[in-house]
Amino acid sequence: MILLTITTFFGRMHPLVVHLPIGFLVLAALLDWASYWPNYKNVQAAVPLALLAGAISAVVACVLGWLLSTTGDYAPILLDKHKYSGIALAGVALVLYALTTPAFVRYVALPRKVFSVAFVVVLGLMSYVGHQGGSLTHGSDYLSLATLTKTERPKPTRIEQAFIFEDIVQPLLEKRCVQCHRAGKLKGNLRLETHGDLLEGGKHGPVVVAGNLTKSELYRRITLDPAHKEFMPTDGKTPLTKTEITLIKWWIEKAAAAGTIKLTEVKGYQNVQPIVASVLGFAGPTGGIVAEEGNRSRPVNPDIPPSGDTAQITVVRREGFVVRIMNYQPLMLDVTLPPKAGKSGVNLSVLKPLARHIIWLNLSDLNLTDGQLSIVATFSNLEKLRVEKNPISNEALKSISGLTHLHALNIYRTKITPTGLETLKHMKQLENLYVWQTGITASDVKKVFGDSTSIRVAY
Amino acid sequence: MEQHHDDEFRVNTPDFARLNEKLDRRRFLTKTTLGLGALAAGTLFGGQRLFGGAAAKAPDELNEDTQEAILRALPHFAPRAKRVVYMFMSGGPSQFETFDYKPKLANMFGQQLPDSVRKGQRLTGMSANQSSLPIAPSVYNFSQYGKSNTWVSELLPHTAKVVDELCIIKSLYTEQINHDPAITFFQTGNQLPGRPSIGSWVSYGLGSDNENLPTFISMISKNGNGQPLYSRLWGSGFLPTRHEGVQFRSGKDPVLFLNNPEGYDGADRQEMLTYLKQLNELQQSGFGDPEIENRMAQYEMAYRMQTSVPEVMSVAGEPDEVFDLYGPDSRDPGTYAANCLLARKLLEKDVKFVQLYHQGWDQHGGLPGGIKNQCKNVDQATAALVTDLKRTGLLEDTLVIWGGEFGRTVYSQGKLTKDNYGRDHHPRCFTMWMAGAGVKAGISYGETDDFSYNITKNPVHVHDFQATLLHLLGIDHERLTFKSQGRRFRLTDVQGKVVHDLLS
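Here the protein sequences come in this chain order: A and B.
Under the numbering used here, think of the first position of the first sequence as 1, with each following residue one higher.
Under the numbering used here, think of the first position of the second sequence as 460, with each following residue one higher.
Honestly, the hints are just simulated from the structure, not real lab data.
Nothing here was measured: the structure is a model prediction, and the numbers come from that model.
Glycine included, every Cβ here is placed at the ideal spot set by N, Cα and C.
Be aware that one or more of the hints could be misleading.
Stated by the list, open to error - For lysine-lysine, the following DSSO-like pairs were computed, each having C-alpha atoms within a straight-line distance of at most 30 Å:
(1) 874(B) with 808(B)
(2) 155(A) with 254(A)
(3) 249(A) with 956(B)
(4) 899(B) with 242(A)
(5) 942(B) with 425(A)
(6) 804(B) with 203(A)
(7) 804(B) with 389(A)
(8) 447(A) with 620(B)
(9) 415(A) with 808(B)
Stated by the list, open to error - One-sided and incomplete, this derived list gives chain B residues near chain A with beta-carbon spacing under 8 Å:
(10) 532
(11) 668
(12) 752
(13) 850
(14) 940
What the hints assert, rightly or not - Computed Cβ-Cβ distance ranges for the label pairs, DEER-style:
(15) 426(A) with 779(B): 35 to 43 Å
(16) 739(B) with 199(A): 56 to 64 Å
(17) 23(A) with 762(B): 57 to 65 Å
(18) 315(A) with 528(B): 22 to 30 Å
(19) 205(A) with 578(B): 45 to 53 Å
(20) 428(A) with 579(B): 32 to 40 Å
(21) 303(A) with 779(B): 43 to 51 Å
(22) 212(A) with 606(B): 50 to 58 Å
(23) 528(B) with 158(A): 34 to 42 Å
(24) 711(B) with 224(A): 51 to 59 Å
(25) 212(A) with 530(B): 34 to 42 Å
(26) 530(B) with 124(A): 20 to 28 Å
Looking at chain A on its own, in the form it has when it is part of the complex (with noise of 0.2 Å):
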């Protein structure tokens, strides 16, 4: 186990070893050729030691890169293509020093342009293993003419001018699958970075076959049980919605997998026309928007933040909060102070950075003021608030009166009335009222909300 942790620790330094092998064989071959030039003469002396300490550094590069390349997830052929060539330029540098001691001198004396010459091709080497290096670690179009060359596509603005691949299908893939199927990665030796790659397909040959779902491997593997060893995206990353998935299966079946062909060029796009336009982001807020079936029986509330700083979640945590995680995606959050939690008194303020994400908040039994309680009017989207056992009043109420979306709201052994229950009235959305011990009844209830109002009143 120690031994372990030492090779990755040693393999990280692979990086900041391989400029001394760089600095030192440029530095021989710059004495060497500098040598030529009557004023510089005298340092061709120095040619072998520079020789010497680069051979020397190249050969330790060599070693951290091998310990490196047994931690990280490398593509394999490129770091073969390092490995071999960073190993080549090694021993080529070491024969060049050997060349240059007496020893060989004597036996084999290389004539000095000879000599000259190997350095290009030292530096050849070197340029070609530094590439490799480079793409291994930054992604093999981090520096590539491909790279310079390549222009953005614009955007469509409207649906006339979408293309079906390169606007709809490329850009779901390039969120959800290139991350490990592009050059440099290659899992299951597939790429899908562009329409070409998907027809020359994978290990397994072509992953979109044109009008056959069943024959699509691409489309087999992101519809398998999310359990299954072969389904995509695998290892736990987000799975593409159903929203993608209807997308790609259209694409497949009814525009025959095709690029650079236009949506209204399809028979029947008007059926994705909604899909397509919320995609691509035509639609109005709400518009287009096709829900995800079958996980929540209520629809999830569309004003709630999709992702949240959720260091903040660690902060708040300290602070005594139980914080739990109701979903990922809008992120939802479960916030419980429980009583005595707090060294110093009961802080709220430190929830405002999540206040959008609280859906669900108890506060019972904490001694609470009304005043306190007014930060609760920011957690906009709160669906159940417990503030039972507290001694706030009808004054609180007014902090509560905001929450659109709350639906259960427990004020039971505080001290609000009947009266207060006025400042609730326009809020139409509450389903479960939890009064016990406040002397508020069911009668109370209905001559505030009316009659055939279909809140729920514990107590």
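Once you've looked at the hints, dock chain B against the given chain A.
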């Protein structure tokens, strides 16, 4: 006493000596330098897999990664329920005398059960050899209660009062006809022992909301008779043992040895535990046994429970009105009623899964007398728990479940008389109910035939029930898995469908 445990370990037993050796400086240097030399040689001579463990992940490690990924994804969607209280009626309560009202049977007293109903079903050894299978109508009357006009037996007057809160499922069915396999099936999703209990799955999947109390607590009514219960019913199976249900004893001291023994003031308990933890960590780094981690977690939990348990388990502060609500038994520690009250207190503290067991529902003979007594023992407290959870608002996010492992037969086992009969085990249909978070209130779901023998509408399998329970907690039952002995397991095995009709 000063903190003399701050020194480094120098223990003279062979085991610890070996452990110490593993960590000493000389070994470290020897190992690493040798290692580097070997690595250099390895590179030069192309020995790629000198340290194979580093290059390719060991299968165990991969398994752990998947396991972590599964846990990271939880909950799979926004939950409706935050806690569960499951009142398990062990023995198989008769549906005929409780919720499944069968008025037509009244005119069929003593008639043979038609073969067209039984369809050749294999019976248990207890009634298979009976020369006749005479129909036994319930001796108890039914009335309609609540706004939902639900039929409830006269044996359950208190439950009848809260019937508008209940979601009664009359069409459950199981695959097991004998007690132990049937209970094991209900609690773990498989009839054979060895799988984790529902509560353990929930604890494993969702973790704790109150680190001072166990996530999963079970309690058994005292003086239980009839079919035995085993601790494996709340066991963690192949899941890490810290997810095992912690059984609170039925009696005055629910957890033993919370108080310090005589002559010991407990002042250095923390130090002792810290030292013990160090020892355990040393073992852990040497042997890598995950159960050592579990043991450490349990020691720490036990330490925290010294303060948290007396507080939560003391009913001294409860007003008389609460004891009146739960019934006179609630003052007698260890009874079902007292356990129900404790359950409310635990739920109040956000304990995630509380499981109560009440034995003695196995009336093969003398059913009218037996079930009357059983109902009397549980009816008031069960209804009180629902009422109490409702008025305090906990019902908003607590799921309440009541039910046994199977139902009972329409025919009498043994001699049928006007006022006495018995009923054998019946897995093909039985009744249980849920209430609270996320389930529809005041409905009855599923229907059985006139003999309450076969299901005629909306059958709900045990796995469907389990899938629905997990769904309410935000868990997709197909995605909460654990790999053990080369196979991924889940609570619902390869079956189970969420019963969306039950969800509000």
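Hint-by-hint comparison with the structure:
no. : hint                           : verdict
1   : 874(B) with 808(B)             : violated (50 Å)
2   : 155(A) with 254(A)             : holds (23 Å)
3   : 249(A) with 956(B)             : holds (26 Å)
4   : 899(B) with 242(A)             : holds (28 Å)
5   : 942(B) with 425(A)             : violated (53 Å)
6   : 804(B) with 203(A)             : violated (59 Å)
7   : 804(B) with 389(A)             : holds (15 Å)
8   : 447(A) with 620(B)             : holds (25 Å)
9   : 415(A) with 808(B)             : holds (23 Å)
10  : 532                            : holds (6 Å)
11  : 668                            : holds (6 Å)
12  : 752                            : violated (16 Å)
13  : 850                            : holds (4 Å)
14  : 940                            : holds (6 Å)
15  : 426(A) with 779(B): 35 to 43 Å : holds (40 Å)
16  : 739(B) with 199(A): 56 to 64 Å : holds (58 Å)
17  : 23(A) with 762(B): 57 to 65 Å  : holds (58 Å)
18  : 315(A) with 528(B): 22 to 30 Å : holds (26 Å)
19  : 205(A) with 578(B): 45 to 53 Å : holds (51 Å)
20  : 428(A) with 579(B): 32 to 40 Å : violated (57 Å)
21  : 303(A) with 779(B): 43 to 51 Å : holds (46 Å)
22  : 212(A) with 606(B): 50 to 58 Å : holds (56 Å)
23  : 528(B) with 158(A): 34 to 42 Å : holds (41 Å)
24  : 711(B) with 224(A): 51 to 59 Å : holds (55 Å)
25  : 212(A) with 530(B): 34 to 42 Å : holds (38 Å)
26  : 530(B) with 124(A): 20 to 28 Å : violated (51 Å)
Checked against the numbered hints given earlier, the structure breaks hints 1, 5, 6, 12, 20, 26 and satisfies all the rest.
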